[in-house]
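Chains X and G, in that order, are what the protein sequence lines are. Just so it is clear: in the first sequence, position 49 is 49 by the numbering used here, and no numbers are missing. Just so it is clear: in the second sequence, position 71 is 71 by the numbering used here, and no numbers are missing.
Mixed in with the good hints, there may be bad ones.
Below, computed lysine to aspartate or glutamate pairings styled on DMTMM-like, alpha-carbon distance capped at 25 angstroms [said to hold, decoys possible]:
no., chain 1, residue 1, chain 2, residue 2
1, X, Lys197, G, Glu8
2, X, Lys197, G, Asp70
3, X, Lys80, G, Glu22
4, X, Lys80, G, Asp21
5, X, Lys197, G, Glu38
6, X, Lys189, G, Asp21
7, X, Lys189, G, Asp14
8, X, Lys80, X, Glu61
9, X, Lys80, X, Asp26
10, X, Lys189, G, Glu8
11, X, Lys189, G, Glu5
Restraint ranges, calculated between C-beta atoms of paired labels, are given here [as the list claims (entries may be wrong)]:
no., chain 1, residue 1, chain 2, residue 2, range
12, X, Glu33, G, Arg9, 17 to 23 angstroms
13, X, Asn205, G, Ala35, 30 to 36 angstroms
14, G, Glu38, X, Pro115, 21 to 27 angstroms
The set of hints was computed from the structure by calculation and includes no laboratory data. From a predicted model like this one, the values you see are computed outputs, not experimental measurements. Every residue gets a Cβ at the ideal spot worked out from N, C-alpha and C, and that includes glycine.
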Amino acid sequence: MESARLTAKELDEESSAWLCRLGAGDGERRAAERELHARLVRIALAEVRRRSASTPVTGPELDDVAHQAADDAMFAILAKLGDFRGESRFITWAYRFVILEVSAKLGRHYWRSPPVALDAGQWERLPDRFGIDPARHAEAAGMLAEVRRVVDEELTAHQRRVFTAIVVDEIPLDALAARLGLRRNAVYKVIFDARRKIRRALVANGYLEEPGLEQR
Amino acid sequence: MSKLERLERFLRTDPRDVGCDEAMAILHAYADLVAAGEDAAGRYPGVAAHLAACGPCGEDFNGLLLAVGDG
Numbered sequence: 001m002e003s004a005r006l007t008a009k010e011l012d013e014e015s016s017a018w019l020c021r022l023g024a025g026d027g028e029r030r031a032a033e034r035e036l037h038a039r040l041v042r043i044a045l046a047e048v049r050r051r052s053a054s055t056p057v058t059g060p061e062l063d064d065v066a067h068q069a070a071d072d073a074m075f076a077i078l079a080k081l082g083d084f085r086g087e088s089r090f091i092t093w094a095y096r097f098v099i100l101e102v103s104a105k106l107g108r109h110y111w112r113s114p115p116v117a118l119d120a121g122q123w124e125r126l127p128d129r130f131g132i133d134p135a136r137h138a139e140a141a142g143m144l145a146e147v148r149r150v151v152d153e154e155l156t157a158h159q160r161r162v163f164t165a166i167v168v169d170e171i172p173l174d175a176l177a178a179r180l181g182l183r184r185n186a187v188y189k190v191i192f193d194a195r196r197k198i199r200r201a202l203v204a205n206g207y208l209e210e211p212g213l214e215q216r
Numbered sequence: 001m002s003k004l005e006r007l008e009r010f011l012r013t014d015p016r017d018v019g020c021d022e023a024m025a026i027l028h029a030y031a032d033l034v035a036a037g038e039d040a041a042g043r044y045p046g047v048a049a050h051l052a053a054c055g056p057c058g059e060d061f062n063g064l065l066l067a068v069g070d071g
């Protein structure tokens, strides 16, 4: 695992100061917590705005998501302070929590007003999904038909459902993970395996020529 | 550009890809290396491969990098 190669560096001055203040007596600790929380809120608000085009959540609800993400990140940071090993600056480690909270919360909120239903299976939109010019749809039809054949005949029911939701219907991966009660990594693994299986079939049937990275 | 290049690229998998869990576990270290102009992809090729292939993790990385730059 690449994470095993992480090495704790000597802490930089700012990181040391954060740890010192967050571990200090009541007054100083509370001041440090307030300062950190204010930073988390600022980062969360910026992050939800950056992602606003790709979520149906809007307006005050988006700000609520940011504040909830900052609160939950703050709680997790304080609970895991002892896990900080100095692999990065402290503030980068802390910001990771709030960014991941924003991701997870927006994924869950997607289903309040989803633009497409789960299991819609909009296969007719697949050419647009891959930016294929309408004038060339006929040329691409054979390859896309093979993709669908593999999905229908060679993927398991679970793989087929996940692939269709993510790739065909463009449901965000985090939203699907939240809906199915799965971790992001589990959904990604399904898609990864499906991509490999489909590619092998396309190569075997002459639609693709070169072996690609999977053969290395 | 091939008319099907996006589909071909999407189907191409990288065996170095470490997956979401491992990439997210060291995202902070990776982001600091990138922010410092160091060769993060050379040091963590599996994370780089994952961030290039996984939209949500790539978005998280972009957000973290912006946050770090913002102070």
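Results of checking the hints against the structure:
no., hint, in the structure
1, X:Lys197 <-> G:Glu8, "holds, 13 angstroms"
2, X:Lys197 <-> G:Asp70, "violated, 42 angstroms"
3, X:Lys80 <-> G:Glu22, "holds, 18 angstroms"
4, X:Lys80 <-> G:Asp21, "holds, 17 angstroms"
5, X:Lys197 <-> G:Glu38, "violated, 35 angstroms"
6, X:Lys189 <-> G:Asp21, "holds, 11 angstroms"
7, X:Lys189 <-> G:Asp14, "holds, 12 angstroms"
8, X:Lys80 <-> X:Glu61, "violated, 28 angstroms"
9, X:Lys80 <-> X:Asp26, "holds, 19 angstroms"
10, X:Lys189 <-> G:Glu8, "holds, 18 angstroms"
11, X:Lys189 <-> G:Glu5, "holds, 22 angstroms"
12, X:Glu33 <-> G:Arg9: 17 to 23 angstroms, "violated, 45 angstroms"
13, X:Asn205 <-> G:Ala35: 30 to 36 angstroms, "violated, 45 angstroms"
14, G:Glu38 <-> X:Pro115: 21 to 27 angstroms, "violated, 40 angstroms"
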